[in-house]
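Undergrad: Here is what each chain is made of, one letter per residue.
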Amino acid sequence: MATTRQDSVRATIGAAARRPDRARLYDRLLPYGMMAPAVFVAFAIAIVPLCYAFWLSLQDWYMLRQPVPKWGGLVNYRQLLVDTQLWMAFGRTWIWTIGTVFVELLLALPIALLLNRETAIARTASAVILLPWVTPFIVLGFGWRFLLDSDVGPIHAFLHAIGIAGDSSVLNDPVLAFATIIFISGWKGTPFLVIALLAALKSIPDELYEAAEVDGANAWARFRHVTVPAIQNTVVTVGLVLGILAFYSFDLPWIMTKGGPQDATTIVGIAMYKAVFLDLRPAYAAAISIVMLLLLFIASLLALRARRTT
Amino acid sequence: MRRTSPLREATLDAVTLVVLFLLLVPILWVFVASVRPETDITGGGLWPERFTFDHYAAILAKRPFLIALKNSLIVGIVVAVVTTALALPAAYALSRFQFRGRNGFGLLILGTQMLPSLAVLVPLVVIVRQLGLTNTLTALIFTHLALGMPIAVWMLKGYIDAIPKELEEAAMIDGCGRIGALTRVVIPLIRPAIIAVGTFAFVLSWGEYLMALALISKADVRTLPLALQGLFDPYSFSWGQVMAGGTVIALPAILLFLIFRKQLVGGLLAGGVKG
Chain A
7 MATTRQDSVR
17 ATIGAAARRP
27 DRARLYDRLL
37 PYGMMAPAVF
47 VAFAIAIVPL
57 CYAFWLSLQD
67 WYMLRQPVPK
77 WGGLVNYRQL
87 LVDTQLWMAF
97 GRTWIWTIGT
107 VFVELLLALP
117 IALLLNRETA
127 IARTASAVIL
137 LPWVTPFIVL
147 GFGWRFLLDS
157 DVGPIHAFLH
167 AIGIAGDSSV
177 LNDPVLAFAT
187 IIFISGWKGT
197 PFLVIALLAA
207 LKSIPDELYE
217 AAEVDGANAW
227 ARFRHVTVPA
237 IQNTVVTVGL
247 VLGILAFYSF
257 DLPWIMTKGG
267 PQDATTIVGI
277 AMYKAVFLDL
287 RPAYAAAISI
297 VMLLLLFIAS
307 LLALRARRTT
Chain B
883 MRRTSPLREA
893 TLDAVTLVVL
903 FLLLVPILWV
913 FVASVRPETD
923 ITGGGLWPER
933 FTFDHYAAIL
943 AKRPFLIALK
953 NSLIVGIVVA
963 VVTTALALPA
973 AYALSRFQFR
983 GRNGFGLLIL
993 GTQMLPSLAV
1003 LVPLVVIVRQ
1013 LGLTNTLTAL
1023 IFTHLALGMP
1033 IAVWMLKGYI
1043 DAIPKELEEA
1053 AMIDGCGRIG
1063 ALTRVVIPLI
1073 RPAIIAVGTF
1083 AFVLSWGEYL
1093 MALALISKAD
1103 VRTLPLALQG
1113 LFDPYSFSWG
1123 QVMAGGTVIA
1133 LPAILLFLIF
1143 RKQLVGGLLA
1153 GGVKG
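Just so you know, the sequences run in chain order A and B.
The numbering of the first sequence is my numbering, which starts it at 7 and goes up by one.
The numbering of the second sequence is my numbering, which starts it at 883 and goes up by one.
Everything labelled a hint here was simulated from the structure, so no lab data went into it.
The model shown is predicted, which means the values in this text are computed figures rather than measured ones.
Beta carbons: idealized from backbone N, C-alpha and C, even for Gly.
Please note that the accuracy of each hint is not assured.
These stretches of chain A come out as covered by chain B in the derived footprint (C-beta under 8 Å, 3 or more residues) [claimed, not checked]:
1) 40-48
2) 58-67
3) 122-128
4) 140-146
5) 155-165
6) 190-202
Straight-line Cα separation of at most 30 Å, DSSO-like style, residue types lysine-lysine; simulated pairs [as the list claims (entries may be wrong)]:
7) B:K952 / A:K264
8) B:K1144 / A:K280
9) B:K944 / B:K1100
10) A:K280 / A:K264
11) B:K944 / B:K1047
12) B:K944 / A:K264
13) B:K1100 / B:K952
14) B:K1100 / A:K264
15) A:K208 / B:K1144
16) A:K76 / A:K280
With the hints as constraints, model all of the structure from the sequences given.
TA: This is the structure we're talking about:
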């Protein structure tokens, strides 16, 4: 049966091959036609803007002084190199990125271990835990502003009671505001890492743990020698993805503090936004985004190399 | 199966519940504040005793908020439909055909997924301005396509890969063309995935803030995240109303995601983890 059907399929395909050239051409072009709309969108939204950003970064275009863009060569990059404010923003961005991923790992690993069980509660929990991840930043930003408000915020009341916050909200203190928003950023990303870790943990066969137990390994040794090697790759890969997302953050610090107080939460995304919309220097902002891409590219290469050596 | 003592599981379940509560309480508080009377939010205790829908009535009576609701629905639905319409044929071509440039196209689309919107914000804003499309929903819709399209292509490709080729071949022997086989065999089989992908695109567009902030400054084309910001008037605003507005944005996103969780989580991980 099967062979006869395959034969007839082959016959049909053979017939198609003998069809006139126009039909053959149609078959050859069909996949391109089907890909074209999606590829067009990818080009228009990713490739073209990236190339355009590079071209733009070489223009001299400052709305207040040079309202029509003209070729400026490396003028933006020269200014960028001596822009101490910007380099401080870059410095904050690294603290922000590493801090966010650190909080994510710190929260996600124990939670994933806790949820890696077959009870009804563990299964339900691994669904609803996604809430912070799927709730839009705009809601979380205003929600946390409410929770940390010095007049009405319950979390402010708690922080006040344990002595972390004074009479005014932590968001008014440069250091505390930065630390708090880093924590919130990590909290928001935690569920994604939990789900990824859970998938990795579930793929570890029970036999491995049983064998380790037979060999006399205690709980810590089982974790160290069975669990850790199995989730290592997930941690590095997802950590890298979450790190890239954190590096390109804008929403949370902008919604919560607009980069303040005293620039304490001005990470480079906010500096770039301000360069376009407040300083009206689009070409300079384009140069910032090119430098961001470069730095991110180098950092990712280093992180991937670290992964290969471990 | 590993042996587990019921007592240990019960303890761990209790710990799970506590951890989950601590993790979700900031979001729950937002929801709860949206249904408490303003005096209770500012002066009442932690535990809500009186409930009211006044805040929802108040924001739904504001014209700017209603306009934003309408705009967000338009943008979200168009983005969902167009994303699916673009992703489905691309996913089918990537899954079923061998052709020159296939891997390149696949990587290009996957690469767009990894590109954060902030990385293309400046050039997109300048391009949109030069095209004269600032303050139009068209420009916003176009930029929002980037949010969900790449993941949609890869998720749908996964689902199409799982359909045996023989089903389409049988249909083609019966006289269907390629496109006929796609519309009559493949699409009915992966309908749940198509709906999930469209929903995902809708949810991403619904809560998107950065592009909307950068491209839109006029009241009549504002989307919900911008309208929420508008509720936060520094001189006279009501926390209850801001939280009610937040709930209007968050709840559809959360509910739709939970409904389609099974289809979406796998795709999300594939998009993020395949390294």
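Undergrad: Evaluate each hint against the coordinates.
TA: Hints, verified against the model:
no.	hint	in the structure
1	40-48	holds (count 7)
2	58-67	holds (count 3)
3	122-128	holds (count 4)
4	140-146	holds (count 7)
5	155-165	holds (count 5)
6	190-202	holds (count 5)
7	B:K952 / A:K264	holds (28 Å)
8	B:K1144 / A:K280	violated (40 Å)
9	B:K944 / B:K1100	holds (16 Å)
10	A:K280 / A:K264	holds (10 Å)
11	B:K944 / B:K1047	violated (54 Å)
12	B:K944 / A:K264	holds (26 Å)
13	B:K1100 / B:K952	holds (15 Å)
14	B:K1100 / A:K264	holds (21 Å)
15	A:K208 / B:K1144	holds (16 Å)
16	A:K76 / A:K280	holds (22 Å)
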